[in-house]
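Visitor: Each chain, letter by letter, is given below.
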Amino acid sequence: MKRFKMLSLLLVAILVVGLTAGCGGGGQQSNNTNTQQEQNAQPQQNPEPVTITYRAGKDTSERTQMLIKQFEEENPNIKVDFQEMPWSTDDQHNAYVTALQAQDSSIDVVAMDVIWTAEFASAGWLLPLGDKFPQSERDKFLSGPLEAVTYNGEIYALPEYTDAGVLYYRKDIISTPPQTWEELMEMSKENIGKNGIRYGIVFQGNQYEGLVCDALEFIHGNGGDVLDSNGNVVLNSPQSVEGLKEMVSLVEEKIAPEGVTTYMEEDARNVFQQGDALFMRNWPYAWAVVNGDDSPVKGKVGIAPLPHGPNGKAGAPTLGGWNLAVSKYSKHPDEAYKFIEFMCSDAGQKTTALVGGNLPTRKAIYNDPEVLAKNPFYKDLFNAFISARPRPVSPFYPQISDSMQINFHKALTGNITAEEAIANVEKDIKSIMGK
Amino acid sequence: MNAVKRTRRQGLSESQFGYLMVFPALLCIGLIALYPVVQTFWLSLHRLRLQFPDMTKFVGLQNYITIFGDDRFINATINTVEFTIVSVALELVFGLCIAMLMNKEYKGRGLMRAAALVPWAIPTTVSAMMWKFIYNDQLGVLNDILVRLHIIPEYKAWLGSEVTAMGAAIVADVWKTTPFMALLLLAGLQVIPRELYEAATVDGASAWRQFITITLPLLRPTILVALIFRTLDAFRVFDLVYVLTGGGPGNSTETLSVYAYKTLFRNMDFGMGSALSVIIFVFIFIISLIYIRILSSGSSAE
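Taken in order, these protein sequences are the chains called U and P.
Numbers in the numbering used here are just positions in the first sequence, counted from 1, shifted up by 1260.
Numbers in the numbering used here are just positions in the second sequence, counted from 1, shifted up by 21.
No wet-lab data here; the hints were simulated from the structure.
These figures come from a predicted structure and were not determined experimentally.
Okay, the calculated beta carbon distance ranges per label pair:
hint, chain 1, residue 1, chain 2, residue 2, range
1, U, LYS1318, P, ILE307, 39 to 47 Å
2, P, LEU217, U, GLN1361, 56 to 64 Å
3, P, VAL80, U, MET1345, 31 to 39 Å
4, U, PRO1570, P, MET151, 38 to 46 Å
5, U, GLN1534, P, LEU52, 53 to 61 Å
With a Cα cut of at most 35 Å, we get these calculated DSBU-like pairs of lysine-lysine:
hint, chain 1, residue 1, chain 2, residue 2
6, U, LYS1318, P, LYS177
7, U, LYS1687, P, LYS78
8, P, LYS153, U, LYS1514
9, U, LYS1449, P, LYS153
10, U, LYS1449, P, LYS177
11, P, LYS153, U, LYS1687
12, U, LYS1558, P, LYS177
13, U, LYS1454, U, LYS1560
14, P, LYS78, U, LYS1591
15, U, LYS1573, U, LYS1449
16, U, LYS1588, U, LYS1610
17, U, LYS1400, U, LYS1639
18, P, LYS153, U, LYS1318
No residue lacks a Cβ here, since even glycine has one placed at the ideal position from N, Cα and C.
Just chain U, with the same shape it has in the complex (with noise of 0.2 Å):
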């Protein structure tokens, strides 16, 4: 028995040795190379070349993979990888949410949704990029997105292209685009059932972000809003109400498929571009890929400003908008800055409007004759893009959106009332800022 004792005690001195010896040999051997990689370093006179991480949404163009050849062959020293994450910006956002929180390094470019910016400076993750993004620079852009970027005075990114909805329609079913979502709803009634439509509209009434961005178009566009210009929440008004009242009936009047209520941007897209519905709603990325060489509707599609409400004056399209920041955990922030600046540079911009079809957030490529060629809507839809309209700026805008998700979705899927969803966000929004 003794013996086993003292056998069974040997065996886990010699384990526990051996993993004490593992590690020694295992900083042994990270020294060892540190040290040679020194020497290596030593006679060589480029700087090794520095493997920058950008993380963004999923492209469906062609865009950020040509943008990135271009940048690596003018910089040879730095290599751009690109990771491509979910569509949804909501996914997105938690993704960055799990790395930074952890201080995870790994992420040197995060491309940010427009909502992103006070929550992500507030928490600290971001660089703040003033000292390297002079006056000079800031006033070649357009003032919204720039606002966009901005927190507390401080800049933290540098916009990559900016959105506003927009309404697609079938001009050669349409001539003249609706002003109104009642003559839209006219319009769709007349042309069910015939050359092939199913659909009025098709926009993104899925429970997420996209939702909110619609919702708010039809109660900004009735004259409705959330906050005033003071920061009071002032959502609960007849327009309001009146405005997520066309929306549901939309659903309601089957003039939107019932399954509107799943959709996300690219549901939308696929409906429209299969010819199944009149118009939809969508951000302008879609031109670009309604118009594809695949695409059964090409040539067929007309875009126009969104209609208003019978209180509005003009349809108020939501600010979107994707911004470039740099990590504050960035072990590279030098190449990282480049990259974002070549993104957001006049050559940068134009392969964004040509290639991407997204809107740039540089005044002079709306000028540009080879992009207003390619998107000739810029021209016509400029004053509709500058006059977007910001969602609600706050730290706590993951919170506030949470609330106008849930209850805009109970609204569109008739589970309570217009009347109901817009008073219970109006309350989470008062008890939110008030924290």
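Use these hints to put chain P onto chain U, whose structure you have.
Guide: Relative to chain U, chain P alone:
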């Protein structure tokens, strides 16, 4: 010196020695399992919002008080319980049927056993995506089948209405995890002595009677173990629901785990999110205790 050494060696009793032997393993478990749990509990006692890391402060049980008065939490709990009970009950019934089929001697049994495992082998996220396509309102194969059979007049958005979304999620879960249930039950069936059935047949007992008096009682411990696994899994359901509906429509499929995840990573509210996680942990702990109680009382009665 010598004396000290000797007493020490003598002091190392059998059980102490045992602890020494398992110490490395315990240390591992402590670091990997216990530390995060304790850390989460500690965080749950704070107001901690990542947007304002400087404003973190200790608030005691405030987060828990807020949660228990929160309609969304109650809604998520009801959804979770509904999902757990219905899906686990269906899985048990189907799993038992499949297990008994697989336990019979017939040609191609090996192939059948392997094939039955396929849904279980597919990662949940992938099978959730697959079901999302099956339920799709424009191209979904489910709509196609049901319309062709004249069961429904037109395509439906299964995940888009509160009436059907939870059912759709449960069906997807049952499809995926029934094989797991079947496999566990099959293992239990195989240890039931064949002679019992032979004797019962000689005595003229019907198949149903054999099932009630032989199979079920002898399978009881296995069924309970399988139920523990599945109940705990179903109660924590996250990936399936998150991919399929994201909690919609109108939060009608939001489970506790999805709510906790959104609070943590979407709202960046680590205090509240941690409190929610702790509550899930406590719920699961209670469920486990109940099952273990049933299991031990059953075995002592025999």
